[in-house]
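**Q** Take the two lone chains and join them into the complex the hints point to.
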Amino acid sequence: MDILITGLLLGGTYALIAMGLNLQYGVARIMNLANGEMLVAGAFAAFWIFTAGQVSPLLSLVVVAPLAFAGNWLIYRFVMLPLVRRSRSQGQLEVDSILATFGLSFILVGIMLASFGGDYFTYSYLAVPFDIFGNTYALNRVVAFAVAVAIGVLLCLWLGFSRSGLAVRAVAVDPRSAGLVGIDVVKVSAFAFALGGAVTAVGGALISTFLTMDASIGGLFTMKALIIVIMGGVGDVRGAIIAAMVLGLAETAIASLIDPGLTLAAAYLLFILVLLFRPQGLFGRRAS
Amino acid sequence: MTGRELRNITLSAIVLALAALLPFLGNGYVLSIGITIAMFTVLATSWALFSGPTHYISLATAAFYGLGTYVVAAGIDHLPYWLLLILALVAGAVAAALIGLATLRLSGVYFVIFTLGLAEMIRQIVSWAQNNWGGHRGLYVLTDITEEILYWELLAAATAVYLLGWWIGRSRLGFALRIIGNDEVVAAHSGIDTARAKVMLFIVPGMVASLVGALLAPRWTYIEPAIAFSAMLSFQVVIMALLGGASRLWGPLLGVIPFTLLWEAISIYFPNQTMLLLGIVFLLIVFAIPRGIAGRAEDLLRAVRPRGN
Numbered sequence: 001m002d003i004l005i006t007g008l009l010l011g012g013t014y015a016l017i018a019m020g021l022n023l024q025y026g027v028a029r030i031m032n033l034a035n036g037e038m039l040v041a042g043a044f045a046a047f048w049i050f051t052a053g054q055v056s057p058l059l060s061l062v063v064v065a066p067l068a069f070a071g072n073w074l075i076y077r078f079v080m081l082p083l084v085r086r087s088r089s090q091g092q093l094e095v096d097s098i099l100a101t102f103g104l105s106f107i108l109v110g111i112m113l114a115s116f117g118g119d120y121f122t123y124s125y126l127a128v129p130f131d132i133f134g135n136t137y138a139l140n141r142v143v144a145f146a147v148a149v150a151i152g153v154l155l156c157l158w159l160g161f162s163r164s165g166l167a168v169r170a171v172a173v174d175p176r177s178a179g180l181v182g183i184d185v186v187k188v189s190a191f192a193f194a195l196g197g198a199v200t201a202v203g204g205a206l207i208s209t210f211l212t213m214d215a216s217i218g219g220l221f222t223m224k225a226l227i228i229v230i231m232g233g234v235g236d237v238r239g240a241i242i243a244a245m246v247l248g249l250a251e252t253a254i255a256s257l258i259d260p261g262l263t264l265a266a267a268y269l270l271f272i273l274v275l276l277f278r279p280q281g282l283f284g285r286r287a288s
Numbered sequence: 289m290t291g292r293e294l295r296n297i298t299l300s301a302i303v304l305a306l307a308a309l310l311p312f313l314g315n316g317y318v319l320s321i322g323i324t325i326a327m328f329t330v331l332a333t334s335w336a337l338f339s340g341p342t343h344y345i346s347l348a349t350a351a352f353y354g355l356g357t358y359v360v361a362a363g364i365d366h367l368p369y370w371l372l373l374i375l376a377l378v379a380g381a382v383a384a385a386l387i388g389l390a391t392l393r394l395s396g397v398y399f400v401i402f403t404l405g406l407a408e409m410i411r412q413i414v415s416w417a418q419n420n421w422g423g424h425r426g427l428y429v430l431t432d433i434t435e436e437i438l439y440w441e442l443l444a445a446a447t448a449v450y451l452l453g454w455w456i457g458r459s460r461l462g463f464a465l466r467i468i469g470n471d472e473v474v475a476a477h478s479g480i481d482t483a484r485a486k487v488m489l490f491i492v493p494g495m496v497a498s499l500v501g502a503l504l505a506p507r508w509t510y511i512e513p514a515i516a517f518s519a520m521l522s523f524q525v526v527i528m529a530l531l532g533g534a535s536r537l538w539g540p541l542l543g544v545i546p547f548t549l550l551w552e553a554i555s556i557y558f559p560n561q562t563m564l565l566l567g568i569v570f571l572l573i574v575f576a577i578p579r580g581i582a583g584r585a586e587d588l589l590r591a592v593r594p595r596g597n
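Protein sequences appear in the order of chains A and B. Each step along the first sequence adds one to the number in the working numbering, with nothing skipped, and position 30 is 30. The working numbering runs 288 ahead of the 1-based position in the second sequence.
These are calculated hints, taken from the structure and not from any lab test. For every residue, glycine included, the Cβ atom is placed at its ideal position computed from N, Cα and C. Heads up, a few of these hints could be off.
Unchecked claim - Just the calculated beta-carbon pair ranges, DEER-fashion:
hint, chain 1, residue 1, chain 2, residue 2, range
1, A, ARG86, B, SER320, 37 to 43 angstroms
2, B, LEU371, A, ASP259, 28 to 34 angstroms
3, A, LEU74, B, SER300, 43 to 49 angstroms
4, A, SER89, B, ASP587, 51 to 57 angstroms
5, B, ASP365, A, LEU58, 52 to 58 angstroms
6, A, GLY160, B, TRP421, 38 to 44 angstroms
7, B, LEU589, A, GLY91, 26 to 32 angstroms
8, A, TRP158, B, VAL592, 45 to 51 angstroms
9, A, ALA253, B, ILE297, 55 to 61 angstroms
10, A, ARG86, B, PHE463, 25 to 31 angstroms
11, B, ALA553, A, GLY165, 47 to 53 angstroms
12, B, ILE302, A, ARG86, 48 to 54 angstroms
13, B, ARG507, A, SER89, 40 to 46 angstroms
14, A, VAL62, B, PRO546, 43 to 49 angstroms
To be verified - To list a few chain B residues with every Cβ distance to chain A over 12 angstroms, as calculated:
hint, residue
15, SER300
16, VAL303
17, PHE312
18, ALA385
19, THR431
20, ILE467
21, ASP481
22, LEU537
23, PRO578
As the list claims (entries may be wrong) - Pulled from the structure, derived: some chain A residues nowhere near chain B, Cβ distances all over 10 angstroms:
hint, residue
24, TYR120
25, LEU166
26, PHE271
27, PRO279
The shape of chain B in the complex, shown without the other chains (with noise of 0.2 angstroms):
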């Protein structure tokens, strides 16, 4: 381990310390927003980690997100919640696999348009199960976990998410992606087997959502399908990631403490134009900050530090 990287964990364990005492302020209201910023780094730096170095813009996060609030709500009266996220995760990684082997072999555009949709048909057959053998539209999920451990829960689930795009970075896989994003020409001739390493990296995000959406189960209470795949979960983990910048590992956080905070105050003041802020924000990523918040900050730094440092 590089002094660099011993400096680097140092200062992300400081973080981590300083964001899981969060709590002991004892405000709600800043808690919940912590719970909506932990929850979008948590899905942001997952998105980016496949679509960053591969530049497939996926919208499946609320499929994912969906599909495992529903095992947590299907299951909670006959399973230990432990089980279930368990069960989540492997239910996420089973549907990334199945969508991933379905279009990643094609080109980038037949992936968006699938994903695009993917979270409004499932919330159309899940529906329409529970309305003809559900006998009612929603489930309870009681739980007694509070606030504040859901803040740690996904807290903690940033972490892991942090080891494992580190690790992959590292890995042959990483290598592998970033070829890929380069030419996917070239990695093919060298011998990459493009659409495998494809596969393999999308089953992450597909993971780590579905865990999320399991872990959020219980502060909602009442699940309905509605509120379990909004296809607006997608847009807003899309647009964060990329605001920050999704090339970086730390990138897509930059992006999700300004964004949740805007959103938060163009809901309160006018709750209408939420829609207009998310058309603005993406028009304004592809023209003035493609490479996002990090982008422009690496930039900066580099002209303010002379070369060869």
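So here's chain A without its partners, still in its complex pose (with noise of 0.2 angstroms):
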């Protein structure tokens, strides 16, 4: 039962992560390896936001967003449409984009590292207990989750229900028909970028609040946030929903039965079972 729920509420923060790489692989095309890194910024950011000013880390949240958004949106603009742009074919703009987001981690991790140092950084927010079914979980964990699960469940809805969420499926589905039916591509390319950007960097803002991180953590989040995004099937939100809380659910199981060192192993056995079993993705439809 302990598992159970703490394993639910880690996954939910997951889930908004995978939200985000999902906006940003699903719809732009981008398979954004620096997605990690901009987690951390965001935690970064909150952690500052803090400790300089006691303010919340919720609140906190509404100066990261956009500040991610506006920076996410450069990167596309400046960094990948030309790659977009030059690229004759979906592989070459993958290996394309892979060396690119790569070189921007790095060069994230870089300046991470330069203006905070090598540290571990952690604060104490809403360390309090709070009790669910008996069992008391820290509150900044359940806060956390509950934000998570608001921002999804907005997100969602506008993707579902709004004439601008229908052009993002539609840009996801088929650029090129998208374009044909006088749907901007290249806008709503950036625009879910972007947007992709923020909502993994409040996700960061959020795991602040109850993870210790360091400047060079991002690798391990791009890493799960793939595994998420792949076991959902890609573009798929309902998918990466319930992998994300596969995983919170694996990753928390094994910490406390086996050995804390090895979540990442369990991500791992996951993601060679996905492989081998449903390369297409959980619900996905095996491509013809």
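**A** Structure below.
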């Protein structure tokens, strides 16, 4: 029971991060391997605002999200778009974007190391016990979960029921056809990439309330987000949410039953199973 | 053998002989940089043998390297060193075959992601196993192998990799891989078993990286998981091979030498900025020299020399 709830609480935050990556890969077609660094940047911002001004991390989201949105929009416009324009095939774009985002991730780590140093950073926010079904959990985890769910639901509603959300889904299905029906594909892709980055940074700010982080931990989160997106099926929001819960549960189970140092191994185990048996994602259909 | 090939082989032999004289300079610092260059030449060249024609970016180098290191560290008290080297080769080949079978049937992105976290995952498992059953974290590798011998061993490995690459380039497998790299659908339609060809070739960098890890184990003396499975190694190899140019056998060498020297200088003067350097060079490769220094050099040569020569 303890494992179940802790796992689900963790999975909620993972789902938000994976949603960010899904927007970037599913819609803008950029496999963003600097995703985890964006998360750490969001966490750093929340940490810095909290320690400097005693502002609640939840309140700091108001600043973190627009900043991350603007930063990611600039990255798409000036780094990714030239690659999209020059690539002749999807394969070429994939290789180019993988290398370019690796470059970005190292640059981000370098900048964060230079400005904050290599130390672990953590702060105490809402570290009070909270009661669920007779067991106690840290309130910050519960709050992070609730905020992640709220943002996730808002995103889903927007994607599913608004005109601009429909345009985003159209680009996700087929960029060329979307262009034919009068959708500005470049604009929508840039928007989706920026929004994905903002969502990821918000996820980072939430995670920083209950996890200890350092400048070079981003790669680990990139890995987890990628595994969730692949497990859920690229572009499949519902699949990503379930996959995130599965990963949160598996990690918590391994961490509390065997060893906390084996969380990545848990993620890999799931990854290998998915690759071997359902490479198209949990709910995906096999491509003909 | 044509005159051109004979000339190339003679030139290579002269370069190799000159390189082998390096330890006689008697300068320890120069020799240690020589070892680093020789090591990355072996790793980057074998990496490019697979990733050059197929365009699959492999980040598994550190995992194989660590595997080889651990084969030596675990067995040094029980078995002779030469046998451990063979065991490391076998272990690398088996691991590469398994990873290849699981991931190479799918698209390139899955492969990159899988190899991205591989070294870190194996590090976690090895640390965990050592904590629970080994009793202590590290292992000692005490041999009488000097830096000079290590350097010559690496040169020999480099020669073997070049010969292997030359042979693969002429073989049916190499031909099949060039077709796969150009268009995988065409390759499949002309009767090439694409998955099998890719797995076969992926075994080469796996074996070589494992061997290099085994060769370098005596240099560390004390082996622990964080040293053996450092993910940075994979990125360095990728960046050097791409900087030099992965489509030519001699391409990676052109990336290894300048990058190693630059890395060395940056680590001395700005020890915290190596990450930034890696990032900038990655972007430079993508935007300015997508075919590497070798590609640029060939363009220049073609411009200087008139056509038909």
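**Q** Can you name, in rising order, the numbers of the hints this structure does not satisfy?
**A** 4, 6, 8, 12, 23, 26, 27
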